[in-house]
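**Student:** Respectively, the protein sequence lines represent chains D and Y.
The working numbering applies: residue 1 is where the first sequence begins, and numbers increase by one.
The working numbering applies: residue 1 is where the second sequence begins, and numbers increase by one.
A portion of the hints provided could be inaccurate.
What the hints assert, rightly or not - The calculated lysine-lysine pairs, modelled on DSSO-like cross-linking and capped at a C-alpha distance of 30 Å, are:
#	chain 1	residue 1	chain 2	residue 2
1	D	K70	D	K50
2	D	K233	D	K264
3	Y	K320	Y	K373
4	Y	K194	Y	K159
5	Y	K293	Y	K159
6	D	K50	Y	K253
7	D	K17	Y	K194
8	Y	K253	Y	K320
9	Y	K246	Y	K316
10	D	K17	Y	K373
11	D	K251	D	K264
12	Y	K316	D	K70
13	Y	K203	D	K70
14	Y	K373	Y	K349
15	Y	K253	D	K17
16	D	K17	Y	K197
17	D	K37	D	K167
18	D	K37	D	K50
19	D	K17	Y	K193
20	D	K17	D	K167
21	D	K194	D	K251
22	Y	K293	D	K70
23	Y	K197	D	K50
24	Y	K193	Y	K116
25	Y	K253	Y	K293
26	D	K167	D	K194
27	D	K70	Y	K194
28	Y	K349	Y	K253
29	D	K251	D	K233
30	Y	K203	D	K37
31	Y	K246	Y	K293
32	Y	K193	D	K70
33	Y	K194	Y	K116
34	D	K17	D	K70
35	D	K50	Y	K193
36	Y	K349	D	K50
37	Y	K246	D	K17
38	Y	K293	Y	K373
39	D	K70	Y	K197
These are computed hints drawn from the structure, not numbers from a lab.
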Amino acid sequence: MGRALANPLDIYLRVEKLPTLWCPGCGIGIATQALLKAIDRRIREGFLRKDQIVFVGGIGCSSRVAMYVKFDSIRTAHGRAIPLATAIKIVKPDRRVIVVGGDGDIAGIGGNHLLHAIRRNMDLMVIVINNMIYAMTGGQHSPTTPPGIYTTTTPEGSFERPLNLIKLAWSLGANYVARGSVTHPQLLEQIFYKGLERRGFILIEVISTCPEVFGRHIGLRDAVELYRRLRDKMIVKKNPSIDESEYDWEKGFVLGVFVDREEKGYIDHLRLLRRDCMR
Amino acid sequence: MRVDYVNGNTAIAEGAITAGLRFYAGYPITPSSDIFEYLSRRLPEVGGYAIQLEDEIASINAVIGASWCCVKSMTATSGPGFSLMVEGLSIAVMTETPLVIAYVMRAGPATGVPTKTGQYDVLQAVYGFHGGLIIPVLAPSTPQEAYDLTIKAFNISEKLRTPVILLSDAVLANTFGRVVMRSAGEIEIIERKKPTKPPHLYKPYEAEEDLVPPMACIGDGYDIYVETLTHDERGVYAPTTHVQRKLMERLYKKIIERSEEIFEYRITRPSGSCDYMMISYGSTALSARVAVKELENESIRACLLTINTLYPINEKALRKLCEESSMVFVVENNLGLYYREIRGVIRDKPVISIPVIDLEIPDPNEIKRMVRKWVEH
Numbered sequence: 001m002g003r004a005l006a007n008p009l010d011i012y013l014r015v016e017k018l019p020t021l022w023c024p025g026c027g028i029g030i031a032t033q034a035l036l037k038a039i040d041r042r043i044r045e046g047f048l049r050k051d052q053i054v055f056v057g058g059i060g061c062s063s064r065v066a067m068y069v070k071f072d073s074i075r076t077a078h079g080r081a082i083p084l085a086t087a088i089k090i091v092k093p094d095r096r097v098i099v100v101g102g103d104g105d106i107a108g109i110g111g112n113h114l115l116h117a118i119r120r121n122m123d124l125m126v127i128v129i130n131n132m133i134y135a136m137t138g139g140q141h142s143p144t145t146p147p148g149i150y151t152t153t154t155p156e157g158s159f160e161r162p163l164n165l166i167k168l169a170w171s172l173g174a175n176y177v178a179r180g181s182v183t184h185p186q187l188l189e190q191i192f193y194k195g196l197e198r199r200g201f202i203l204i205e206v207i208s209t210c211p212e213v214f215g216r217h218i219g220l221r222d223a224v225e226l227y228r229r230l231r232d233k234m235i236v237k238k239n240p241s242i243d244e245s246e247y248d249w250e251k252g253f254v255l256g257v258f259v260d261r262e263e264k265g266y267i268d269h270l271r272l273l274r275r276d277c278m279r
Numbered sequence: 001m002r003v004d005y006v007n008g009n010t011a012i013a014e015g016a017i018t019a020g021l022r023f024y025a026g027y028p029i030t031p032s033s034d035i036f037e038y039l040s041r042r043l044p045e046v047g048g049y050a051i052q053l054e055d056e057i058a059s060i061n062a063v064i065g066a067s068w069c070c071v072k073s074m075t076a077t078s079g080p081g082f083s084l085m086v087e088g089l090s091i092a093v094m095t096e097t098p099l100v101i102a103y104v105m106r107a108g109p110a111t112g113v114p115t116k117t118g119q120y121d122v123l124q125a126v127y128g129f130h131g132g133l134i135i136p137v138l139a140p141s142t143p144q145e146a147y148d149l150t151i152k153a154f155n156i157s158e159k160l161r162t163p164v165i166l167l168s169d170a171v172l173a174n175t176f177g178r179v180v181m182r183s184a185g186e187i188e189i190i191e192r193k194k195p196t197k198p199p200h201l202y203k204p205y206e207a208e209e210d211l212v213p214p215m216a217c218i219g220d221g222y223d224i225y226v227e228t229l230t231h232d233e234r235g236v237y238a239p240t241t242h243v244q245r246k247l248m249e250r251l252y253k254k255i256i257e258r259s260e261e262i263f264e265y266r267i268t269r270p271s272g273s274c275d276y277m278m279i280s281y282g283s284t285a286l287s288a289r290v291a292v293k294e295l296e297n298e299s300i301r302a303c304l305l306t307i308n309t310l311y312p313i314n315e316k317a318l319r320k321l322c323e324e325s326s327m328v329f330v331v332e333n334n335l336g337l338y339y340r341e342i343r344g345v346i347r348d349k350p351v352i353s354i355p356v357i358d359l360e361i362p363d364p365n366e367i368k369r370m371v372r373k374w375v376e377h
């Protein structure tokens, strides 16, 4: 049977690879759609060309965004997307290089690469789809798992303090730091849309749902119920301060753009250096 | 053509530039660092980049990324750094990414003696990464060979879409010698094969007769997808025995079937007759050369076979070279690792390991002493 109705975003998808491996109720599809809509708007405005965009992914459910989108795209080992993307940006500075990964991929195993890329203000758009758990490998503890949560490697409940990615990116000097949520897709699209035209390091955290493992572990087996519960925890703020970025399952999560500044990115510095060398 | 007096590390760096290197990513580690330092100065002069990343894991991944932009790329490291790179190396094998790793061995294991030499990592270089495939390993023994084999390493990597390891050591890294350097027009420089089909007909992993698929890069308009999972010709993840078998066989064959072409060696015959064959590689071959010359004075007629291509071995050629000898000695600066490989090929005569565990240049007297012991038996 052929596909009866084509989605307008299909032009940005490797439709031969569909259906995705994401579970019913998973938030990654919503995040991907918001991202593709933002890209589509930028392309239609003439601000970006389709062939300018490069996706890089590591390993994990979220990293497979790079597998399903129809742009130049590369996947590498778990956690290693950022250094690979760094090289692409240096060699091809006119590309918009987008890294998509999960909390385990980017904040866990790839944490060292993340902090050095932020420190360099490397011109990358890094999207962390945060479902607060290692999902693909079966629900182990991640750096963003809220305290008290049962995971398969913390059977007594996690007691580790979770990582606040927003504060991390702010403290190391990223140019654009924002938090969105799959429970607020229009806001998420707007965050991506703005991020696509910024230079320097762009970190976008997307709070997402994983009903299959995270939800199951906290007794919210029903995807809709988990989605609703998560949505209730989101607080939208227009211009939130960095102190409002607190990462807290009990108090909720503030969404919005926490940092938006115009400092020179790595590529700007490299260009200046090259110009001086050529003289 | 120009002639310079340089050490092994500089020869590697210059050879890489001649071969077309334009992107280097690395992390400092003795005794490979001066390749990096030299390239940091030289690469911008030719429009290239040399960047320092947070670790070796980042470096190898950056090299993969740059290579997928169709830019010739390399990194250099030593034992502990290479251990971190093997994850990325496996990705490069699977995704058929051309790249070169200059692996300058030091004395190990662990952090060993960073400033001293050894050949302890010979097996790690080829068997270290997961997945059980094979990658070409070239080993120079003089600065001139370092220059020439670096160019060869790039050529093989581009032609066969494979990572290639250039295995050097601390002695060679710091040994100065006269090196004849060529310009790109004077020697063959191989560029990777690009697709001729339009994007909608192009299958990224569809190999041609040479078992190598043409490579579309980022920005070529092919919406490339680089897949690290087991994939079919379209690049679609396919976890089936059929696809796994087909892919593994092709990746293996594209290298192993080229062993004749890749295999390189040099033979030294002080007295013309090879009653005994001494096999060595890297800087240890320099000591072995002294040993065979001096053994001639004692009427022990030995030849030296300096193997420059450690993997894949051209087994037929190796057997032929050892044909007239009654005994084969494998001299190396480790506990006898490569000896096992030779013993697997030469099975009709005694193959004897001569391990020289010296932190300095292996002593020719020690080699001679051990040869005498066996010959007089």
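**Student:** For every hint, state whether the structure bears it out.
**Tutor:** Quick rundown of the hints versus the structure:
Annotation: proposed proximity of D/K70 to D/K50 holds, straight-line Cα distance about 9 Å (limit 30 Å). The suggested pairing of D/K233 with D/K264 is violated, with an alpha-carbon distance near 35 Å, which exceeds 30 Å. Using a Cα cut-off of 30 Å, the hinted pair Y/K320 and Y/K373 holds, with the two alpha carbons roughly 26 Å apart. Between Y/K194 and Y/K159 the alpha-carbon distance is near 11 Å, which keeps this suggested pair within the 30 Å criterion.
About 38 Å separates the Cα atoms of Y/K293 and Y/K159, which puts this hinted pair outside 30 Å; it is violated. Of the pairs offered as hints, the one joining D/K50 and Y/K253 is violated, with about 37 Å between alpha carbons and a cut-off of 30 Å exceeded. A threshold of 30 Å between alpha carbons decides the hint, and for D/K17 with Y/K194 the separation of about 25 Å falls inside it, so the pair holds. Distance check on the hinted pair: Y/K253 and Y/K320 sit about 23 Å apart at the alpha-carbon level, within 30 Å; holds.
Straight-line distance between C-alpha atoms of Y/K246 and Y/K316 comes to about 26 Å, which keeps the hinted pair within the 30 Å bound. Annotation: proposed proximity of D/K17 to Y/K373 is violated, straight-line Cα distance about 66 Å (limit 30 Å). Proposed proximity of D/K251 and D/K264 is contradicted: the alpha carbons are some 35 Å apart, above 30 Å. As the CA atoms of Y/K316 and D/K70 are separated by approximately 47 Å, the hinted pair breaks the 30 Å bound.
Of the supplied pair hints, the one linking Y/K203 and D/K70 holds, its CA atoms being roughly 14 Å apart against a limit of 30 Å. With a CA separation close to 17 Å, the supplied pair Y/K373 and Y/K349 stays within the 30 Å bound. The hinted pair formed by Y/K253 and D/K17 meets the criterion: a straight-line CA distance of about 29 Å does not exceed 30 Å. The hinted pair formed by D/K17 and Y/K197 meets the criterion: a straight-line CA distance of about 22 Å does not exceed 30 Å.
The hinted pair formed by D/K37 and D/K167 meets the criterion: a straight-line CA distance of about 27 Å does not exceed 30 Å. Using a Cα cut-off of 30 Å, the hinted pair D/K37 and D/K50 holds, with the two alpha carbons roughly 13 Å apart. Between D/K17 and Y/K193 the CA atoms are separated by roughly 27 Å; this keeps the pair inside 30 Å, and the hint holds. As the CA atoms of D/K17 and D/K167 are separated by approximately 36 Å, the hinted pair breaks the 30 Å bound.
Between D/K194 and D/K251 the alpha-carbon distance is near 27 Å, which keeps this suggested pair within the 30 Å criterion. For the hint linking Y/K293 to D/K70, the alpha-carbon distance of about 63 Å lies beyond 30 Å, and the restraint is violated. A C-alpha spacing of about 21 Å is found between Y/K197 and D/K50, which places the hinted pair at or below 30 Å, so the restraint holds. The straight-line distance between the Cα atoms of Y/K193 and Y/K116 is roughly 40 Å, outside the 30 Å bound, and the hint therefore fails.
For the suggested pair Y/K253 and Y/K293, the alpha carbons sit about 39 Å apart, so the restraint of at most 30 Å is broken. Between D/K167 and D/K194 the alpha-carbon distance is near 20 Å, which keeps this suggested pair within the 30 Å criterion. At roughly 20 Å between alpha-carbon atoms, D/K70 and Y/K194 fall within 30 Å of each other, so this suggested pair holds. At most 30 Å may separate the alpha-carbon atoms for a hinted pair to count; Y/K349 and Y/K253 meet this at roughly 29 Å.
Restraint check for D/K251 and D/K233: the C-alpha separation of about 7 Å stays at or below 30 Å, so the hint holds. Proposed proximity of Y/K203 and D/K37 is supported: the alpha carbons are some 28 Å apart, at most 30 Å. For the proposed pair Y/K246 and Y/K293, the alpha carbon gap of about 49 Å is over 30 Å, so the pair is violated. Simply put, Y/K193 and D/K70 have alpha-carbon atoms about 23 Å apart, close enough for the 30 Å limit, and the pair holds.
Our distance criterion of 30 Å between C-alpha atoms is broken by Y/K194 and Y/K116, whose separation comes to about 43 Å. Of the supplied pair hints, the one linking D/K17 and D/K70 holds, its CA atoms being roughly 10 Å apart against a limit of 30 Å. The straight-line distance between the Cα atoms of D/K50 and Y/K193 is roughly 25 Å, inside the 30 Å bound, and the hint therefore holds. This hinted pair does not check out: Y/K349 and D/K50 have alpha carbons roughly 64 Å apart, beyond 30 Å.
In summary, the hint linking Y/K246 to D/K17 is supported, as the alpha carbons are separated by about 21 Å, within the 30 Å threshold. Of the pairs offered as hints, the one joining Y/K293 and Y/K373 holds, with about 17 Å between alpha carbons and a cut-off of 30 Å not exceeded. For the suggested pair D/K70 and Y/K197, the alpha carbons sit about 18 Å apart, so the restraint of at most 30 Å is met.
Comparing the model with each numbered hint stated earlier shows that hints 2, 5, 6, 10, 11, 12, 20, 22, 24, 25, 31, 33 and 36 do not hold.
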